[in-house]
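Peer 1: Heads up: the protein sequence lines correspond to chains F and G, in order.
Position one of the first sequence corresponds to residue 1 (this note's numbering), numbered consecutively onward.
Position one of the second sequence corresponds to residue 1 (this note's numbering), numbered consecutively onward.
Relax, there's no trap hidden among the hints.
Subject to a maximum C-alpha distance of 27 Å in a straight line, what follows is the list of computed DSS-like cross-link-like pairs (lysine-lysine):
1) F:K267 - G:K372
2) F:K242 - F:K153
3) G:K414 - G:K430
4) G:K225 - F:K190
5) F:K167 - G:K368
6) G:K220 - F:K267
7) G:K368 - F:K182
8) F:K267 - G:K362
Don't read these hints as lab results, they were simulated from the structure.
Predicted model, so just to flag it, every value in this text is computed and none were measured.
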Amino acid sequence: MSRLTVTDERRKELELKVQKSRDVVREAVREFSSRELAVGWTGGKDSTLTLFIVKQVCLEDKIPIPKAMFIEEGDTFPEIIDFVNEVSKKWNVDVEICMNKDVYDAGGGVLGGKVVVSKLSPRNQREVRERLELNIESFPFEAESFIGNHLMKTVPMNMFIEKNNIKGIFQGLRWDEQPARKQDEYFEFKEGGDLQPSHTRIRPILHFRERDVWDTTFAFGIPYVRLYEQGYRSLGAKTTSKKLSNVPAWEQDLEHTVERSGRRQDKEQMMERMRRLGYM
Amino acid sequence: MDFDATNLTAIQDHKLIDLNKGAVGHMRNVILLTIDTLRRDALGIYGSKRGLSPFIDSIADRCVVFDRAQAIGPYTQTSFPGILTSSYYFDYGRSSHLSPQRVLVSEPLKSGGIVTAAFHSNPYVSDYFGWNRGWDVFRDFMEYEVSDKVPFLRGKDVNSHVKDWLSSHVKGNNYQSFFLWVHYMDVHEPYIPQREYLELAHSSTEAHALSEDDMFQLFKEVVLKRDISDRQKVALLKELYEARVREVDDYVKQFFGILEQLEVLEDCLVIVTSDHGDEFGEHGGLSHDGKMFQELVSVPLFVFDPERRQRETCDKVVSSVDIPPTINCLFGLEPVQAFQGQSLFPLSEYKERGCFGEAIEKLGHSIKETDKEVYYYLAGNLKIIYRGNIDAWEMYDLQNDPNEINNIIPTVPKEEEMTCEQAHMKAILKARIGRWKET
Numbered sequence: 001m002s003r004l005t006v007t008d009e010r011r012k013e014l015e016l017k018v019q020k021s022r023d024v025v026r027e028a029v030r031e032f033s034s035r036e037l038a039v040g041w042t043g044g045k046d047s048t049l050t051l052f053i054v055k056q057v058c059l060e061d062k063i064p065i066p067k068a069m070f071i072e073e074g075d076t077f078p079e080i081i082d083f084v085n086e087v088s089k090k091w092n093v094d095v096e097i098c099m100n101k102d103v104y105d106a107g108g109g110v111l112g113g114k115v116v117v118s119k120l121s122p123r124n125q126r127e128v129r130e131r132l133e134l135n136i137e138s139f140p141f142e143a144e145s146f147i148g149n150h151l152m153k154t155v156p157m158n159m160f161i162e163k164n165n166i167k168g169i170f171q172g173l174r175w176d177e178q179p180a181r182k183q184d185e186y187f188e189f190k191e192g193g194d195l196q197p198s199h200t201r202i203r204p205i206l207h208f209r210e211r212d213v214w215d216t217t218f219a220f221g222i223p224y225v226r227l228y229e230q231g232y233r234s235l236g237a238k239t240t241s242k243k244l245s246n247v248p249a250w251e252q253d254l255e256h257t258v259e260r261s262g263r264r265q266d267k268e269q270m271m272e273r274m275r276r277l278g279y280m
Numbered sequence: 001m002d003f004d005a006t007n008l009t010a011i012q013d014h015k016l017i018d019l020n021k022g023a024v025g026h027m028r029n030v031i032l033l034t035i036d037t038l039r040r041d042a043l044g045i046y047g048s049k050r051g052l053s054p055f056i057d058s059i060a061d062r063c064v065v066f067d068r069a070q071a072i073g074p075y076t077q078t079s080f081p082g083i084l085t086s087s088y089y090f091d092y093g094r095s096s097h098l099s100p101q102r103v104l105v106s107e108p109l110k111s112g113g114i115v116t117a118a119f120h121s122n123p124y125v126s127d128y129f130g131w132n133r134g135w136d137v138f139r140d141f142m143e144y145e146v147s148d149k150v151p152f153l154r155g156k157d158v159n160s161h162v163k164d165w166l167s168s169h170v171k172g173n174n175y176q177s178f179f180l181w182v183h184y185m186d187v188h189e190p191y192i193p194q195r196e197y198l199e200l201a202h203s204s205t206e207a208h209a210l211s212e213d214d215m216f217q218l219f220k221e222v223v224l225k226r227d228i229s230d231r232q233k234v235a236l237l238k239e240l241y242e243a244r245v246r247e248v249d250d251y252v253k254q255f256f257g258i259l260e261q262l263e264v265l266e267d268c269l270v271i272v273t274s275d276h277g278d279e280f281g282e283h284g285g286l287s288h289d290g291k292m293f294q295e296l297v298s299v300p301l302f303v304f305d306p307e308r309r310q311r312e313t314c315d316k317v318v319s320s321v322d323i324p325p326t327i328n329c330l331f332g333l334e335p336v337q338a339f340q341g342q343s344l345f346p347l348s349e350y351k352e353r354g355c356f357g358e359a360i361e362k363l364g365h366s367i368k369e370t371d372k373e374v375y376y377y378l379a380g381n382l383k384i385i386y387r388g389n390i391d392a393w394e395m396y397d398l399q400n401d402p403n404e405i406n407n408i409i410p411t412v413p414k415e416e417e418m419t420c421e422q423a424h425m426k427a428i429l430k431a432r433i434g435r436w437k438e439t
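Start from the sequences, fold in the hints, and give me the full structure.
Peer 2: Here it is, written out as structure tokens:
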């Protein structure tokens, strides 16, 4: 198995980066109780690192580890589901699997399956008509389209926040991941509204570069899903994520190639293009 | 000028036969070339004396030029449903997502055995928003890294991808008929032209002294803030815009060169248009917000016909919803029920019905939930506008007041305060208001 080794000097650098993340987590746990916090966990390298740091701080401070929120968008790699189950047991973390089952079932559980809007739950019908302002009878089921992204990711997250009365949610976003993230802050308050609960987004590992994440993962013995070893560099929905190489992610040219190039363009990339055209 | 109406019909019929012979129902290939944000009045073929479009002007003799073409909305999300689906923005709610119920022109073509290919870099008509249906090749280049100063693929880069695809497609002469859609973003803000085009567009101007950073600063400080208080800066921005028009004319030239080089130009009918115009202070704003004035919704539209040797001008009011039925008809395919426009050809059979436009009346580019709708209807020389945000009506006489300065009806008009014609136009437009909420 391919592994990375990290020099002592590099380890010290990484410890400083982790320390910065721990400070952010500490600030969050001062502001909110563990019950009011949650960790958005996709099973990917960044959110797993985030969860690891949150867990360490909580163990040291002798406070309960916040719940993890795993969004099942209906097109997930089985390897990721196995990984999440395995690691949550090992770390003793409570994971809530959030899925918009109503929409998934309406599409017959297949990609491209026809979802008839009038047959959806009242909440999902309102999400389509009022939040997305779409006046349509049906749409094809997909996890990463404009409609799919909202119904299968945003809606389950909002419902999770409402149901558990969550005030702050940890996210594993990084500045260098893509240009759209460059302006992100460690703490961002999201104003609520109809169908959208207000909450704070907390991003402890913003300052980590992709290389830092891998080095930290190996230096601290943090588990990672095997797909990265097979050459996947960034993980999205199963059918739209491609591996562009057969060498492990950490052996690829991280500095000169684009991290998310194996993935379908997503909401953030679209938003970034629009912002640059003057639309924000 | 006096002219004999019977004579005109005869001339049209003569041309029509030409067009029939060479085009309608028999066209081997059709190309749709769209140029984002290109104002009608920037082009020489529409009377501009600025010299920004030497190539386009040079092919005018081989074109049918539509003098009064209208976009159905003032920004991409509102206008492209017309150009590619022959439907209006509010037909299925007011979302940026392309409703699955709309029929993209690529879909019937593909089913009809035509190879369909799209090359563009506008996020609003990308795969993400559902515009990839029915295409054999759909490249939106969203995966490409772009810079703040050029936040899209340049026309020449789009051309190079088109060339790669086209040269492999037409290899040998037994290739399948194709429909190709190519879209250039170069004219769209942030208006940072290359120096050579700035010099080509303007012999001497203050703009020559600007660095790219200065230009970007102007975009941020003036365009993004919609600040027209300094008229000199607005004039400077217009010059930068014009330099980009000059640049895009070169990309059109390069594109026609590719068709010629691959020996397919004589087998292609090329429809050229724009999705909307751009404002430089004409009605108090900049860029293209939710307004319905002619600097935003009148668009260039001309059709290059390889059989043609003399320019023909059509002065009927036509709409971008007419483009998909035209393409369909040029390939001789069955009409598509869902298309709301009509084929532009044969010209003599085109029935003027007036044009509609719909958008959200937003200021700046982000849409707030509280922003209401704005609509227009243009027939003959009159244009009526309804603004939902302030619940007010406006009407302009485009012949005597082409700049749309003098509203000729009360903002809350009563029947008796309007002429029959005005009241009739109001009734027609009123029937469309609020339509998007109906299920």
